[in-house]
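Throw the hints in and build the complete structure from the sequences for me.
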Amino acid sequence: MLLESQQSGDSLTLRLSGDWCIENIREVEAAVAEIPADGKGTVHVDGSGVSKFDMSGAWLLHQRLDALRTAGANVEFSGQQPEVFHFLKEMAERECAPVRTSDEDAAPLRDGLAWIGRRAVQQGIQTRDAVGFFGHVSLTLGRSLRSLRSLRIPSIARHVYETGIQAIPIVSLIAFLISVIVAYLGAQQLQQFGAEIYTVDLVAIAVLREMGVLLTAIIVAGRSGSAFAAEIGVMRLNEEVDALQSMGVDYFEVLVLPRVIGLVIALPLLTIIADAMGLAGGALLSSLLLDISLTQFIPRVQAALAPTTFWAGLIKAPVFALLIAMVGTYRGMQVRDSSRELGRLTTVAVVQSIFLVIFADAVFAVVYVQLDF
Amino acid sequence: MAERQQNQRVRRPEEAANSAARGAPVISVRNVVNRFGRQVVHDGVSLDVYPGEVLGIVGGSGSGKSVLLRTMLGLHRPNAGEVLIEGKDIMKMSNEELLAVKRRYGVTFQHGALFSSLTVAQNIQLPIHEYYKASEEALDALAKLRLAMVGLSADACTKLPSQLSGGMVKRAALARALALDPTLLFLDEPTAGLDPISAAEFDQLVLYLQRGLHLTVVMITHDLDTLVTTCDRVAVLIDKKIVADTLEGIMANPHPWIQEYFHGPRARAVQAPKDEK
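Protein chains in written order, with this note's numbering: chain A, 1 to 373; chain B, 374 to 650.
It is worth saying that the hints were derived from the structure and are not from the lab.
Where hints are given, some of them may not hold.
With a Cα cut of at most 20 Å, we get these calculated EDC-like pairs of lysine to aspartate or glutamate [to be verified]: (1) K89/A <-> D54/A; (2) K506/B <-> E34/A; (3) K517/B <-> D66/A; (4) K52/A <-> E459/B; (5) K517/B <-> E23/A.
Quick caveat: nothing in here was measured; it's all calculated off a predicted structure.
What follows is the structure in structure tokens.
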């Protein structure tokens with residue numbers, strides 16, 4: 001109990017006691033709420049019983065007493081006014097620095113129409129920026145190809161290592177498992193027609209044309225797309241990108257291009273490994289489930305595949321790599337100001353690059369059908 | 374402005390010299406040794422911080438000022454020695470005791486370390502919200518109070534740290550450090566990166582709060598102006614040890630680094646106008 005109030009005629013006496021500090025902020029709040037707000041006449045405040053007053057406790061009380069004063073009451077401290085109150089009073093007289101901010105607050109959403117309009121403009125700007133980014137990368141690539149020095153071979157090697165070689169275990173494992181799943185499904189269905197042998201065709205074509213490259217690209221988008229965005233984003237937050245620019249170093253050449261080229265080299269190689277592991281998975285399941293030995297499996301695969309099947313899959317890899325690397329670096333470059341922004345844009349990078357990879361795969365499928373590839 | 378002038382500390386050497394008589398130290402660092410690999414940063418550092426004083430810690434780059442601060446805060450465990458806060462060894466405290474100690478001190482970091490995804494008000498409310506169950510209205514009122522204490526207007530509440538200028542970030546960080554009504558304040562390079570006018574204003578702010586709230590302040594600083602205006606005592610980290618004395622005492626110290634620090638070309642530029650007085 002921090003407060004005792006006594007109403008006698010026109011005057012109200014508040015007897016404070018105990019600790020008025022942040023440790024009992026709940027009790028302080030409750031005590032302050034007890035003070036009647038419709039102050040009339042004289043309010044005597046007796047703070048002699050208080051053992052501890054800190055700024056927080058004093059402030060809540062002070063605000064209430066101020067409200068009483070404006071309501072017309074006459075607030076008086078009996079005895080010594082606690083020292084913090086002097087400080088509070090002094091503080092209230094001090095002028096505060098006005099807050100100037102770097103940009104205006106976004107206006108509240110007045111109506112849907114304005115919202116749609118604003119989003120449309122934002123989308124337009126984003127699209128223009130993305131096209132501009134792509135153009136800038138292409139230009140830099142063209143310039144870099146002319147001189148070996150500006151191609152940054154060591155940096156490219158690092159990215160091939162990080163995005164490619166380090167991804168081999170996970171890519172192999174997933175390719176293996178997926179082909180086992182496809183083979184298992186296929187075997188079950190085809191057995192009904194006594195056509196188990198076609199499981200081999202199914203696995204070989206599915207893995208080489210679609211699964212190998214698509215799954216590899218999705219894993220790489222998750223692994224390296226996010227890494228690109230986060231790495232460049234943190235550099236942006238630390239003003240490292242600005243530092244590079246101020247030195248007259250083209251950050252596209254140093255940061256973006258090595259990642260793009262590195263991934264364009266790494267992803268096709270990873271795809272080949274994924275293809276091999278996928279076929280190995282198919283072979284294993286065929287011999288276990290369908291009694292098709294390796295000596296039967298290999299000729300069957302050769303018979304099933306058109307000469308173009310392998311290339312139909314592999315050609316997609318550099319395109320996917322380009323999409324993943326571009327989206328990752330582009331989103332990283334957009335990071336401004338805060339750590340939340342970094343998290344958001346890293347997520348956007350991964351989601352968008354996976355979406356674009358699948359979309360591009362669909363386009364490839366249609367084109368292949370039209371070309372009869 | 375006139376009031377700011379009043380806050381200007383009138384230095385009385387005898388008052389500062391008597392700090393040893395001001396009672397038991399709030400923090401005392403005893404023979405602390407810090408090693409990183411083979412590199413010894415502190416070799417038997419001892420330092421006492423007395424209640425109600427402003428202690429400045431100076432030292433060359435890499436002399437381990439920040440490590441010493443982190444050691445005092447209990448964020449870094451020294452290889453040997455002990456850190457006593459109000460007579461209790463923080464290394465031997467239970468987690469609950471350590472938390473209770475942490476509630477009583479406020480810290481500002483070199484670059485502000487405001488949480489960039491929270492608004493200024495949320496930054497200030499976070500520690501209060503973590504420890505105590507206050508209502509929304511009280512949290513609001515308390516955030517506004519802290520902002521007023523550091524001289525920021527209430528419209529700073531809804532801003533994100535990235536929207537503030539450097540000086541305001543420092544003030545907002547100080548407001549957050551004051552969130553739990555601490556009695557002990559640690560400031561890591563409070564005026565680094567500020568223009569001289571903002572830095573002087575910040576010095577006055579620290580003095581004003583220290584005087585009004587009876588705070589004990591420990592600050593790391595490179596700014597000679599800050600040292601001269603705010604600090605009662607100065608501790609110099611030198612040769613892996615510490616030398617602590619009043620400013621006058623330190624300036625009379627014959628050690629070459631100290632002489633260079635206080636009487637080098639930059640120091641002379643600072644002190645010249647003061648001598649004219």
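Comparing the hints with the structure gives:
no. : hint             : result
1   : K89/A <-> D54/A  : holds, 14 Å
2   : K506/B <-> E34/A : holds, 18 Å
3   : K517/B <-> D66/A : holds, 16 Å
4   : K52/A <-> E459/B : holds, 19 Å
5   : K517/B <-> E23/A : holds, 18 Å
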